[in-house]
Every structure is written in structure tokens, then in C-alpha cells.
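Engineer: Here's the letter readout for the chains.
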Amino acid sequence: MSAVSAGGGNRSTTLFVLRNAPVLLFIVLLACFGLMSDRFLTVTNFVNIVIQAAHIGIIAIGMTFVLLIGGIDLSIGANMYIVAAVLGLFLKDLPLAISFPLVTLIGLAFGAVNAWFITRLRVAAFITTLSTLFIGRGIALYFSGNKMVGFSPEVLALGRASYFGVPSAIWGFAIVFIAAYVTLSQTTFGRQIYAVGADPDAAGKAGIDVRRIVFSVYCIAGVCAAIGGLISLSQVAVASSTFGFQKEFPVIAATVLGGTSLFGGRGGVLGTVFGAVLIQTVENGLVMTNADPYLYPLVISIIIFIAVFIDSSRNSILERLERRQIRVERV
Amino acid sequence: MSSTQSITPGSAAEATRPQRSFAVRLLMSEYLVLVLTAIYFLVMWALVPSIATADTLLDILAAMMPLLVVAIGQTFVLIVAGIDLAAPSILAAASVAGASMMTGEGGFALFTGVPIGVGILAFVGVGLLIGLLNGVCVTRLGMPPFIVTLTTMMFFSGFALFYTSALTDDGSSFGDLPSAFVAIGQGTWHGVPYSLALAGAVMLVAHLTLSRTVFGSWLYAIGRNPRAAAISGVPVRRAVLWAFVISGLCGGIASIIYTGRLETGTPVLGQRILLDIVGSAVIGGVSLFGGKGRVTWTLYGVLFLSVVDKGLQLLGLDLASVFAIKGLVILSAAVLDAVRHRLTLRG
Amino acid sequence: MQISRRAFTVGALVAAAGSSISVMVKAEGSKTVALLFDSLVSPFWVSGIEIMREKAKAKGWTTLENISNFDDNKQFEQVKAMISRKVDGILIIQTDAKAVIPAIRAANAANIPMVHFNRPPAKSDAYSVAIQADNRKIMQDTVGFMVAKAKKQGGKYKACILIGDLGDVNAIQRRDGFFDVVNANKDIIDVVARVSTEWNADKAFAGLTNAIQANPDINFLVTSSDFLHPQIEQVLKSANKWHKTGEAGHVLFGGFDGDEGAYARLQDGYLDACGVQNLFLEVDMAFGAFEDLWAGKKPEKLLLDPGFVITQEDLMAKRDQMWGYTVWKKMQKG
Amino acid sequence: MTAAPFFEASGLCKSFFGVQVLHGMGFTLRPGQVLGLVGENGSGKSTTMNILGGVLPMDAGRMTLDGADYHPRGPREAEARGIAFIHQELNLFRNLSVAENLFITGFPKRIKGLPFIDRGRVAARTQELLKAVDLDIAPNTPVSRLSQGERQLVEIAKALGANARIMIFDEPTTSLTTRETDRLFDIIGRLQRQGIAIIYISHILGDVMRLCDDIVVLRDGHKVGQAARADMTIEKMITLMVGRTIDQMFPPREPPVTLGAPVLEVRGLNQRGMVKDIGFTLRAGEVLGISGLMGAGRSELARILFGMDPHESGDIRIGGTQVRELSPAACMDHGMAFLTEDRRAEGLMMEASIADNIALASLPKFGRSWAGFIERTRLGDEVQRISGAVRINARDIQRTLVKNLSGGNQQKAVIGKWLLHEPRVFILDEPTRGIDVGAKYEVYKIINQLAADGAGVLFISSEIEELTGMCDRIMVMAQGEIRAEFPRAGFDREAILRAAMWHGMKETA
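Chains A, B, C and D supply the protein sequences, listed in that same order. Count along the first sequence starting at 1, add 380, and that's the number in the working numbering. Count along the second sequence starting at 1, add 989, and that's the number in the working numbering. Count along the third sequence starting at 1, add 67, and that's the number in the working numbering. Count along the fourth sequence starting at 1, add 51, and that's the number in the working numbering.
Isolated chain A, as found in the complex (with noise of 0.2 Å):
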């Protein structure tokens, strides 16, 4: 049986634009910023933008792993915090080759007790992380009381570093996407969090453990807040009690941006690095053209807001397009 497809040189163009609108978006908005500023297109202003969009990217590489399952993590701004004052606090003299791997297991942890209410308890997931999101930032207000959480000159050093030529951010960006992309495509624990995220009931009965799926994905979310915090710190060089405070906003955002449905099932991190780059692309090209401060929200929306559009007519052009054509059965 095949599906009989009616093809035309047009159409194929069509498709063409249509399937890389994004892409194209993406450049339309490099020319606007680059008519308007001489010094935005150039290579310090691309690796700047990229590093300023690390720490969102990261945990929203996280986020997208939790989406995919169809579930939701509202806390990881509080844990970012928690890594944050411990680091800050209590590891202020380790090295960092034994304080960064201990936070992460910090966010790994937090990320396990969200997973623990939500697949052992059955509490939704919305609401687990919505109350570990005010627990999270509370024990850690406790442990700072209020006050800027300072770091080893270290952890600023490494933030300012560059290996090979590549800013330290670049490079935990570069490897957290590189793994979480081969462990989405590459793994059987990758292909099971889709299938999970498809249907969860036939993924139990199939014999995948959901469970566990569930429980990893949340422990993910949790090590990616940790490490997206400890470049957001390294950079800002500081914690305010207020550092991570609602962060969950704008990595849905890059999430959801990047193309991962909310219902599971569909997306992946290489969308979601798209989405966190195209919001701090604009960001910057507003400070490179030096725009009235006022005007950035107003801008920045109407940019998100064309590029979803684009992305949801196209789905639906496509989808007439590429209509289920009648299936001849072969005999």
C-alpha cells in the first residue's frame, strides 16, 4: 500500500519555504537588526547572544524533556536559587571540581522530591512544583536570609573563561544539548519518554516503566536548573534573593517557542535552542539599536507572536497540503 501523492515543481517550493519559515524568520530579523546596527552582525555579537541565552537554553532543554512527557516543572527557579545559596554558602571553599558536581546532585535531588509526589503520591504535577516552587525558595531564604550571596573568585573566573577559544557558557550549552539531543534520538530511554508522552496508558501496557520515565524526567529538569543556575551565577557573579524568581516564565516560553507541544509527545531540544536564541537575538538587537527600554516587551512579544503564527499556519497549510490521499488497496 503506498499513498498516491499528486507533486508539482510549484508545491515543492511551497513546501520548501514553509517547512524552513522559522529559518527564514530568523534571518529577516538578522537583516532588520543588522540594516539598523553595524555592529550586530558580527561574530562577538553572535557568541555574546548565545551565551546570554545559555542558562535560559539549558533549563529549558530540561523543561523540554518534562513537556514531552506532558507534564509541567514550575520550581525550577527555586531550584536554581537553592544551588545558587549553597554554592555560595557552604562549598564557597571547595574546588570546583567537587562543588559543582555536589550542587548539581542538589538539583538532581530536588528534581527527584518533585518526582517523588508526582509519580509515587499521583499529585499533579502543576501543583507539586507550583508548592515546591515556595518550599524550594523559602529553605533557601533560610539559609541566606535575604541577603546577595556572593562566590569564589573561581566560579567568576570560570565565567568569564574560554577554552579553546569558546566562553566556558558556550561550552556547557554545547554539551548539555549534545547530550540530552543524543539521549532523545539515540536511547531507548529517549524514544520512551515520546512514547510516554503519546500515550502513557498503552506505553504501561506496551511494557515501558513509566514510572521511572516519569521520575528520570523530572531528576533531568532538576540537574539542567542546577547547571543552567551555576552559569547564570557565574555570570552575574552574585545572587539576590530574588535570583531564579520566576525564570519559568521565559523558559516555557523558549520551550514552547522551539516547538514542544505542552500536551507531550511532540518536540525536541534542538527547537528549544532555536526558541531560547531567537528570543535573546532580539533582546540584543534592541540594545545594539539602542531602543527606548520601554518598547522592549512591546517588541518582543509582536516578534513571538509572528513567529508562532507563522509556525501554526504553516502546520495547517502543510497539513492540507500533504491531506491524507485516498489508499488504494493493493490486491
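Derived by calculation from the structure, the hints in this document are not laboratory data. Some hints could be false.
Pairs of lysine-lysine, DSS-like flavour, derived with a Cα cap of 25 Å [unchecked claim]:
{"#": "1", "chain 1": "C", "residue 1": "400", "chain 2": "A", "residue 2": "472"}
{"#": "2", "chain 1": "C", "residue 1": "190", "chain 2": "C", "residue 2": "219"}
{"#": "3", "chain 1": "A", "residue 1": "585", "chain 2": "D", "residue 2": "327"}
Pair ranges (Cβ atoms, derived) [stated by the list, open to error]:
{"#": "4", "chain 1": "A", "residue 1": "672", "chain 2": "B", "residue 2": "1034", "range": "48 to 56 Å"}
{"#": "5", "chain 1": "B", "residue 1": "1041", "chain 2": "A", "residue 2": "672", "range": "50 to 58 Å"}
{"#": "6", "chain 1": "B", "residue 1": "1121", "chain 2": "C", "residue 2": "254", "range": "49 to 57 Å"}
{"#": "7", "chain 1": "B", "residue 1": "1176", "chain 2": "C", "residue 2": "304", "range": "55 to 63 Å"}
Not everything, but these chain C residues come out facing chain B in the computed CB check (under 8 Å) [claimed, not checked]:
{"#": "8", "residue": "164"}
{"#": "9", "residue": "348"}
{"#": "10", "residue": "399"}
Just so it is clear, CB atoms sit at the ideal spot from N, CA and C, and this is done for glycine as well.
Could you slot chains B, C and D onto chain A? The hints should help.
Structural biologist: Showing chains B, C and D alone in chain A's frame:
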């Protein structure tokens, strides 16, 4: 959290089911959130006796009204499996637009002689417009509600700031509002706050709409299975559009109450309460996945959060304890609900 | 099993709330003052609330705290809760100058004195006392000092300002103070970047990085709050622009608040000038206002902290008035 | 066939909520044996198979596999012991590829000890398995692009990949075309020759007779009969299943002497890639069948007629009036109703009560005043009446959720929904798919009653027997066109099948 669903076993099961203790029956009822509110209240009463004074109780009631109104709007959208993240920006944009009409410091509508009327129209109009915009994007352009309302939230919050900075001397807010308008948020009639009456009316209309009308039944059907609803002749797009418009309208009305209470039209109004809005509906039992929810459930959720907040305010603890206790209380409620759900499933 | 778990959760809830009983017991007796902050985002506020706690304790007062997280409506609720608690005085840091008026009225009606710390309310018929630093004036003086230094050094300057949250009066006043001076000196100073920080550290970091990227020759930098210094230092170090006064490539750098970081950077020679709000004075003024009000006196509605500018040159002479120096000293010890 | 049994179950018992649904069920399996399992919905077939597949634990009883105790604690263990379950609702993940679906519980790894998937081996092994089930598609084809029949074969390939020794088929042919069914049976024969034991559950008794070596009949959780094929007849099976004799498979149908006025007229209906030049007239009181292979355009035609999909040209009159802007709402206004082939996804709100489902399509009729307040008592009475008329078996239609009903009762709820709307044209797309004999009979009776009351019925089905038993006239579709039409007097199974396969025969000829 979920509603009371009953699996209907055979009649034999009914007969063999052991008599349940009062505690278990209470745990399984839809009033669980109310019970938890009461328990929390009693604990607080022991710690801070002033929580049980008439004034404080009236404060709690009056204070929860605007949140209730905006959460009711959210309930409509949640029932059709949508979400309206734009609610805070509706509060803010309506607040500055309405206040800019009425302010004694050069309001646009002063010349009309009835600035209050124009102002109220502006509140409601801004709410309706943003709701309509969200609805059109979701139903006509086929965009996901989450991202549509996220962008409208950013846009209109930004716009409210921009508008205020352009039109006020200090760039922060519109004050000097007419006293008759302020009364909507603060005034009382024989001890009953006007805001209570207004929110009560909204609640009644919303409750009747959802539970008694064709439109309400359509909304539930869309939330439960949009394809089946469409095939059964439900005007899915139109109904979803209306759900967003209603959410916008509720945002506008809530903004009137907030603005009246604060005597100020401010662009930062409600910017931090998004999780309170969605959270109270969800704690009450409204499903984020559509098809399940009631106005009364949302009321319980709002009451719960309001009482929790007021108790913490009265204690006057440091921020760390406030966060930790609030989180623990919500989590305990959620765990209890999960336990209840399992008991229900067990039959 | 269900029952036991339920009992457990309820028990946990009671225990969590019960742990605070001790706080409540102390609340009986002597004067009780409510401290209502809108956030504790910068060292200024954190030090502020700590100084208040200490000074109140020294006077034998009890304090209650509430943080509104920039939510005017929630803060109104908190004022009402404090009125319910029948406190003897309310110290408030509101987010919006106008939205606080109903709260003042409510306090007036309950006959509880109200003092605004660092941010005055808008004009109204309600009575309360406000303590405020003269933001615009202090910023004018700070930038004025920098401009004078710039003139002495000669050359043209590309300036950048980090602006605070656009909804905050203090941020607006400081911005205006900055522009009052630079606009009068357009011949040598050209403002090439206005970075909107929303009082948010990573926004400030990204915004300043981008600004330096767009204008690598920025050599005149003013921040509306000292709590952004660590980010500024990170960015300037990355751009290889972090140099002491007198070294080649030094960026003229001005701060505001006078926190411990500002003191350290003044001492090390990176910061040229800092507009200091006299936090100790402001707390004393606020508590003094309470005592006056309890005594039946009626202080002026607005009490100004004139503040002062501290520079590398007069650091030793003035540092004892700088609250950041005290905090810094304490940190050096502990 | 003479091999000794390697699997034995005896005395299986199971209760839900204190109700015993399985009483001492037992059977044996030999390698290469096909065991048919028949019974009405609720008779305990699914419970038995769920116990076997490790989905449910048993309360009492014993199972042995190769002489050793077999008590699976979950589907994984069942799978590991060589028992595969081909579910009725196919458990494939639409968002994954065919190859990924085959290996979702464990991909071959590139290097032992590292988690990376060896894509090359996956593709090769998938090719091999697909070949074993005669499926000619690329391993990386997304499952969402496959037809129901193809998905079924993928499931079988998956079971083969897991080295299954017992394969359980639960209603495998409900959504398959005749052609696909034949192919499935060929493959089952092949599996049988490889020594795999098959448990075959179906309501289509003809298939059971054709395929199975032994047949077990269940009623109310009891095993009421077991016999080799030679000793069993369809009539005997029905008698055992229902506990009484059903004289015929179909209720008597008296064709109307004079047909009424046209209720649905279609002329020159076209939609590229879907349907081509469709024209027919349906009259009041008539039951018009549409036969054809899967993909012949039957469902597509129905969807276009009900305004769910667009059409490029054509003239459609419902009840004599031309309807230009087709939409479900417009069609309903003209008295049309449509029962779709996918009742779970398109027919029902699974999480809602029976009453809510029945009321859904007729709500505006019960709206009062401008606000549309629902007249709840009148609606309640009407819904109760309808539910009685279609004989839904549930204790409380206001509280019982549809998801807890059997397939037959679910279908009756969908039919009830449309009956409340009082249709004059009723399009039924596979109305008896996956429902048991008793329920089928009741659906047929409802259809007869509808026609007798003057409605026109368009009856789409893949079961030719059903059409010949129920219709006054049958149209046969192939490749989006109407290829033949048979009056009741001229019904001929062979001729209908030939017309349906005309295209294919020309190709192979």
C-alpha cells in the same frame, strides 16, 4: 487535582461496600478544600486570635473578591482546555486605561461630565478587547492558547507601562480618581462591601451560565472532546472565542475592584498573581486538561489561598518561613486530594 | 493507611505553623512595629531591615515582617492584617506612591502611625510621615562630580546608564538626576546606551554586555543601584575594561546607595564616586518619627535624608557615615 | 497438531469491587494451535486475557508454562516469557516510526553497556520482521501514516520480534478490510506453522469458524462450552453465548412497499484525491448500504456529506433543500445525523456521563429564553426515554461515565445521541464495529425502526453479510467512485466483492 468521579460498579458492590467513617467520607467529598481551609483557620486562630475578629473576616472576604472574579474568568478558559496567561496584563492594561479616563490630573473623559461612566467602559472595553484578541488568535489563527496569551501578556503589560510613562508626570501611576469610583472597591452598604455584591453577581451569573445553559454545556463538551463536540454540531470556535472574551471581561471587572481599592491605576497591578489565579482554580479542582470545573470549586480554591495568605500576613514572619509554610500547605492539600482520588478509584 | 498519611500531613501542617508560636508569645507587652517591605532584592533593603531589627530590639520593641513582592494590592492586605494585629506602628516601603494611599487612610482610621521608608507617598489628605533620600539631588551631585573629573581629564565621553525598574519612583528620580547633569554637558558627554535592568541582575548583565558590544568605547558608566556592581565588574572584566582610576582604559564609574560592595570598590580604586543614602540616619529618622507620633507630636510629612557623595578622595573622611562601610567591616571580621 | 500442551490454565477466578467476573476459567494450548475465544462483552474474555498478559493479577487459579508456574507480575514479565498481546486499540505510538515502535521496550545497542541505539541493526531487523508479515514499508515511516490494517501487522511484527510463543489477538479484524483480513489470516497460518500458539478473540463468528482449531465459549464468566471446530457451528456458538437461541443473525426486514420522498440527493460530488463524481438518491424509509474496500472513499464521502471535509464541486440536497455551506451544524439543522467510524475519538466524551453524551447534539432544542437556560426536567425525561429505547445497560445514566461502558453500550449511547436529534437522514459508518452479537442485533433493530419511521439510512460497512442482511440497496465504491449498485433482489456476495476490487483486479490481470 480532580473532581469527584464515581466509577459505577455493579449493585452487588454497593451492598458489600463497608460503611465508611465520617473522616473518610469528608476526605472524599468535593468540600475537601473547604475542610482544609477550616483546619488551617483553626490552627491560625490558636496562634493569632485576631484572625477570628469580624473585621479580619470581612477583610478576607473583601480582599478575595477581585481574585475570585478573575479566577472565575480563568475557569471558563480552563474548562475548554485552554489557559489565559494574559489575565495579569488585562488587570494592568484595564487599570491604567480606565484610570487615565477618570484621573483628576487631566483625565481624558473629564470633559464629558461623566468620567466614571467612560472610565468603567474603558475597563470593560480593554478587558473585552484583549479577550477577543486572544480568542481570535486561538480559534481563527489556530495558535496554541498558552503561547498566544503569553505574548499578549508580555505585550499588554509592556504597553501599560509605556502608556503610563507617556501620560503621567512621575511615570508610575494614575491617582486622584473620583470618589464615587473608589467606592466600588472600598465602599460598603450596611457593612456589606460593594465589591462583594459585584463579585457575587459575577459568580452567580457565571455559575448559572456554566451549569444551566446550553452554552455552558457546550464549553464542557469542548473540553472533554472537541472533535466529538464539533461533529455534534457544537460551534466550537465560537464557544472558545467566547470563553476568552468572558475571561477578558472578568479581568476588566476585577481590575475595576482592584483599582478602586488602591485608588490608583497602576501598570504593575496583578503582575505577580498569575500563579495565584491559575493555582486557585486548580486547587479548587478545575482540571488543566479541560472539561472539568465549577465556579464553586474556584471559589473554594480562592478562599483557601486567601485564608492561607491572611494567616501568614498576621503571623508577620520572615520571607523564608512565609514561602515554606505556603508551599507546605498547598502541597499537603494536594497530597490529601491525591489520596482521596485513589480512594475514589478503589471504589 | 490513608488515615495515617492524612494524620501525618495534618500533623506536619500543625508542626510547621506551631514552630512560630514562640514568635507570637513575644509579641505581647511592649511596643510592636510592623516592617512592610516590597522586596529584599538589594543589599540596601536587606541591610535596612537588619538595622531596623537591631535598633528595634535595642529599644525593646517587637517587629513583625511582611514582604509584598512588588504587589500593591497584597501590601494593602498586609497593612490591614497589621491593623488587625493592633500593632503600634507601621513602617512601609510601598511600590507605588499613589496605590499606598488607601493603606494610609486605613492606618489613620485605626489610629496607627505610619512611616514610609525611602519612598514617599503621593500627595493626599491622609497623614503619614515619609523618610526619603533626595535621590535626584544625590544623583546630580554624584554625576556632577564625575563630569568635573572628566573635564579635568579632558576628552570626549561615551556614557551608559543602568536604569532601575521603570515602575519605581526612586529609579525614575535617579535617572532624571543623571540626565539633568549630562544634558547640561552635551559637549563632552554623549549618552550612547540606556540599559533597562528592571532591578534584575541577569537583565543588567545581558543588557550591559550588549551595550558594551555595541559601543566598545563606553568610558562613563553610572548605575542606579550599587547592587548591580558584581555584574558590571564581570562585564567590564570580560571586555577588558576593568581598570583602576589612573590606569589606562579606566571607565569613569559612578554608583548609588553606598553598600559594602561600593565601599570595597572605592577603596580598591575602581569606583570613582558613589551617591550614598544615609541608611542609619534614615532608620533613626523613621523610628524617631514613631516616637514623636506616640508622644502626640506631628512631624512634617516628608523628612529628607540629604545623603552625600563619597569619592575615592574623601573616602577616609566620610566612610563612617557610609552604611556599607559598617557592613563591610563586619564581613571582614566574621 | 499432535504436540502436547505447553501452556495450561485452570480455575482462574477474578473479582472487581466484590463482583466475581471470572469463575474457574481454564484451557490448554499446544504449539501451533489456534484457540478461538468467543462470548458477549462482559463474559470474561478480556479479563482472562489480561490475566494471561500480566495486566491483571488473578484472585485464584493456576497457570503453567512449560510445566513451570506462570504468574506474571506485569506486562514486561509476560512478554519476557513469550506471551504477546495484540490489543484491540492498537498500542502503537503515532509520533514514533515503525522501527521505533517495534523496539520501544529495548533497542539493540551499538556498544554493549552504553545506551546508544544501533540504528543500522534496528533498520535491518525491522525489515526482516516486516517481511515476515508481508508489509512493504520503510522502517522509518511514522506510524501516523499507516492504515489500521498496516498498524495491525506492525503489532504482529512486534510480537514476532519479542519471540512470542503465544499471541493473543483481541478483535483483530474490526477495522480491517476484507483484503487485509485475508492477509492477516494468511499470516496467522504462517505463525501457526512456526509453532506459535494463537488465542483468537472475535465477535465475527464466521472468522472464528474459518480460523480456529478449537473454540471456547464464555458466558458471564463461566466456560459454557469447548469443542473442536468440527463439532461446532455458528448457531451453536450463539446459543451458548447468549444462553438462548437467536433465530437469525438479523432481525426481519420488510422493505417498504413504496419508497418515500428523496431525503438526500447528491449530484456530481467531487473532491480531488477523495471522491469522484458521486451521485445517488436516498429516499425516506430506505436503508442504502455502501460497500467497498478500506480506502475506497466511503468514510471520506460520509465526512464530506456531513460538512466535516470540504468538496470542490457538487450539489447536495437534504430533504429537498440545497445546502450550500456544508457544516455539521448546517447538516444537523436539515435533519442529518452522522455516526462516525471512530466512536472513541469522534463520537463520545469518554469522561462524561451517558446522559451528557446523549444530550450533546440536541442541547439548543432544550434551551429556553435568550440566555439558553436548559429545561432540565424535560431534557432528563427525553434522555431517559432515548436511553430506554436504545436499551443502554447501565444503572444510572446520569452518573455512569461512558468510559466504563462496554463497546456495544457505548455505541448505543452515540446512536441515542442522534436519535434524540430526530434525524431524517442518518449516516452510519461501521456502526457495529467491535460490538458483540447481542448488541449488534439491537443496533440492527434500531436501524429498522428508524427506516420504518420514515428516515433514510446510509449504512457503511465492511461486512458484506451485514449489508446484505440489512439493506434495501447496496452501492459499491472503489477508488472514490461508485462502481456498482445492487437492488435487494440482486444481492450477491461474490458480485459485490468483485465490484469492490475491480480496480485491483484490472491491475493484476
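Engineer: So, for every hint listed, does it hold in this structure?
Structural biologist: Evaluated hints:
1. 400/C with 472/A: 17 Å, holds
2. 190/C with 219/C: 42 Å, violated
3. 585/A with 327/D: 42 Å, violated
4. 672/A with 1034/B: 48 to 56 Å: 52 Å, holds
5. 1041/B with 672/A: 50 to 58 Å: 51 Å, holds
6. 1121/B with 254/C: 49 to 57 Å: Between residue 1121/B and residue 254/C, where Cβ atoms are some 52 Å apart, the hint holds.
7. 1176/B with 304/C: 55 to 63 Å: Holds, at about 58 Å.
8. 164: Residue 164/C check passes; min Cβ-Cβ to chain B is 7 Å, inside 8 Å.
9. 348: 25 Å, violated
10. 399: Nearest chain B Cβ about 26 Å off; hint violated.
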